[in-house]
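Asks: Please build the complete structure, drawing on both the sequences and the hints.
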Amino acid sequence: MKKIRIPAPVWTVGLFIALLAAPFAAQSQYQQHIMVMTLMAAVLASSWNIIGGYTGYTSLGHAAFFGLGGYLVAWTNNRYGWHPFISSWFLALVVMVIALIMGWISLRTQGSAFVVVTIAVVFIFRLLALNLSDITNGAKGLTQPRPGWAGIPWSPEVIKIPFYYIMLALLSLTIFVSWRIRQSKFGMGLIAIREDEGKAESVGIDTMMYKVLAFGISAYFVAVAGGIYSYFFTFIDPSFVFGIFTSVTMVLMAILGG
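For what it's worth, the working numbering labels the leading residue of the sequence shown as 1, then goes sequentially.
Because the hints were derived from the structure by calculation, they are not lab data.
Hints are supplied without guarantee of correctness; some may be wrong.
[Claimed, not checked] Simulated DEER-style distance windows between Cβ atoms:
(1) Tyr30 - Ile255: 48 to 54 angstroms
(2) Ala169 - Ser202: 39 to 45 angstroms
(3) Tyr30 - Met188: 19 to 25 angstroms
(4) Ala22 - Gly138: 37 to 43 angstroms
Bear in mind that the values here come from a model prediction, so they are computed numbers and not experimental data.
Think of the CB as a built atom: it goes at the ideal place given N, C-alpha and C, for glycine as much as any other residue.
Replies: Structure, rendered in structure tokens:
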């Protein structure tokens, strides 16, 4: 029996159409909620893979960028009325700059030392969130207005659908950027670092610059996801977003999910 081969563009388009229709096929808000959280998990895993998978550097500090993105979005929404669907993308650039600085410092270490440094980063930001109560509201966390547009809240029947599509867009961009990196000279350099950093340096690869850039790009997408997360739940607190469990979850999703 002759096998029928379906061209890649065909099933890719079919998958994309199915993803677009998915929230309307859901039979309850709970199912839509699970869809949003699944997309967010995929974003976090794909983002972390840019540093952890490509370079082999296991970061347990990405919860810091997730939390920073969430807090910045919540604070600017409450204070200035910036809509999180827009501000998340720009405020993540601030987090990216912070990540580049942190990466320039922490990526001078390797192996278990790097893991310990990244864990320390999470605890530092958690302590800052707990103690800078004038900005973060301390252990109580920050709340946000009910999601909507132009001051008009979305109805309960459709409130999760916009989050599904914004998260789907973020996941699509994350996967595309990750794929482009993997196919580029930059990506080849990252893989070389993972295989043998010493040899990578000996052939002229600026390993420090490559690692720091990968760290920053990875942090950017995690921060965007954190911003959308805080708006989705209309609440953010330091105990979860600045928790090691959040970082470990990203690592496990990336490793177990391939």
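Asks: Run every hint past the structure and note whether it holds.
Replies: Do the hints match the structure? See the list:
no.: 1; hint: Tyr30 - Ile255: 48 to 54 angstroms; verdict: 28 angstroms, violated
no.: 2; hint: Ala169 - Ser202: 39 to 45 angstroms; verdict: 41 angstroms, holds
no.: 3; hint: Tyr30 - Met188: 19 to 25 angstroms; verdict: 44 angstroms, violated
no.: 4; hint: Ala22 - Gly138: 37 to 43 angstroms; verdict: 38 angstroms, holds
Hint compliance for this structure: hints 1 and 3 are not met, and every other hint is.
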